[in-house]
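Trainee: Heads up: the sequence lines are chains A and B, in that order. Residue numbering for the first sequence follows my numbering, beginning at 375 and increasing consecutively. Residue numbering for the second sequence follows my numbering, beginning at 1189 and increasing consecutively.
Since the hints were derived computationally from the structure, they do not count as laboratory data. Be aware that a few hints might be false.
Said to hold, decoys possible - Just the calculated beta-carbon pair ranges, DEER-fashion:
| id | chain 1 | residue 1 | chain 2 | residue 2 | range |
| --- | --- | --- | --- | --- | --- |
| 1 | A | Asp462 | B | Phe1241 | 20 to 28 Å |
| 2 | B | Met1335 | A | Asp462 | 27 to 35 Å |
| 3 | A | Phe423 | B | Arg1276 | 40 to 48 Å |
| 4 | A | Arg454 | B | Leu1284 | 29 to 37 Å |
| 5 | A | Val461 | B | Gln1313 | 27 to 35 Å |
| 6 | B | Gln1313 | A | Phe423 | 33 to 41 Å |
| 7 | B | His1215 | A | Glu457 | 33 to 41 Å |
| 8 | A | Glu457 | B | Phe1241 | 14 to 22 Å |
| 9 | B | Val1326 | A | Met375 | 25 to 33 Å |
| 10 | A | Val461 | B | Leu1283 | 36 to 44 Å |
| 11 | A | Met375 | B | Ala1282 | 21 to 29 Å |
Source: prediction; values computed, not measured. Backbone N, C-alpha and C fix where the C-beta goes; we use that ideal spot for every residue, glycine too.
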Amino acid sequence: MSYLFASALLFALGVYGVLTRRTAILVFLSIELMLNAANLSLVGFARAFGLEGQVAALMVIAIAAAEVAVGLGLIVAIFRHRESTAVDDLSELRG
Amino acid sequence: MSPWEAFALLLILFTGVLVVTLKNAIHAALALIGNFLILAGIYVALEARFLGFIQIIVYAGAIVVLFLFVIMLLYAAQGEVGFDPLVRSRPLAALLALGVALTLLSGLWGLNLAFTQDLRGGLPQALGPLLYGDWLFVLLAVGFLLMAATVVAVALVQPARPLDALSPEERKEEKEVVR
């Protein structure tokens, strides 16, 4: 049970990071934190409800890997055009 | 709750706080590695051994290294990053995060879970039949998603025009940005 509480706190930490961080990369780090908090609760629930929770956590890890590949590709592409990855500078899509 | 359990939970919360507060992006990414390694230990303790190893290999090994690589690629000349000019928005963000935490905790409060399932240690032998049984189409979809993500990532970092179509000055500039 204590793992589930820790997972909730970790998720809230991730929310705080996403809201306060200025650079896109650090926003991404906070999103990873949130995904891992979700994974922790999935693994915790697996102990009560069965192995499906662990399989779901495995899928979350795979999707996080895909998200990081696309996200970091986007960040590199944006950095080439703007010389910046600060999310406040990127508030418009105009190239 | 055993002392080791409490220690591990304190450690993941501490490294999580470091990830969202450290000013230097590289330090934050290193704190994230610490967080992932402790999480892997917790997974093993929660009878999810395969997931614990995957956590170390995929997350701590591949994803965070990719992060470090991009941070060093983009910020090598800048040093300190992640400075927040919107200090006034911080209490608001903290309030919102607190709200999320309270909502989640109130959902968990009073929940009484009996840890009775036989997970067979969370070994691949136990996960495999599920992955290739009920979850087969999810597995295929995730595989397709990974392939699409790879193609997109390669397409995104291509220069707008191929390098040999650029004039010598443009080529130099492109190389400088890509470094």
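Trainee: Check each numbered hint against the structure and report the violated ones by number, ascending.
Mentor: Numbers 1, 5, 6, 7, 8 and 10, in rising order.
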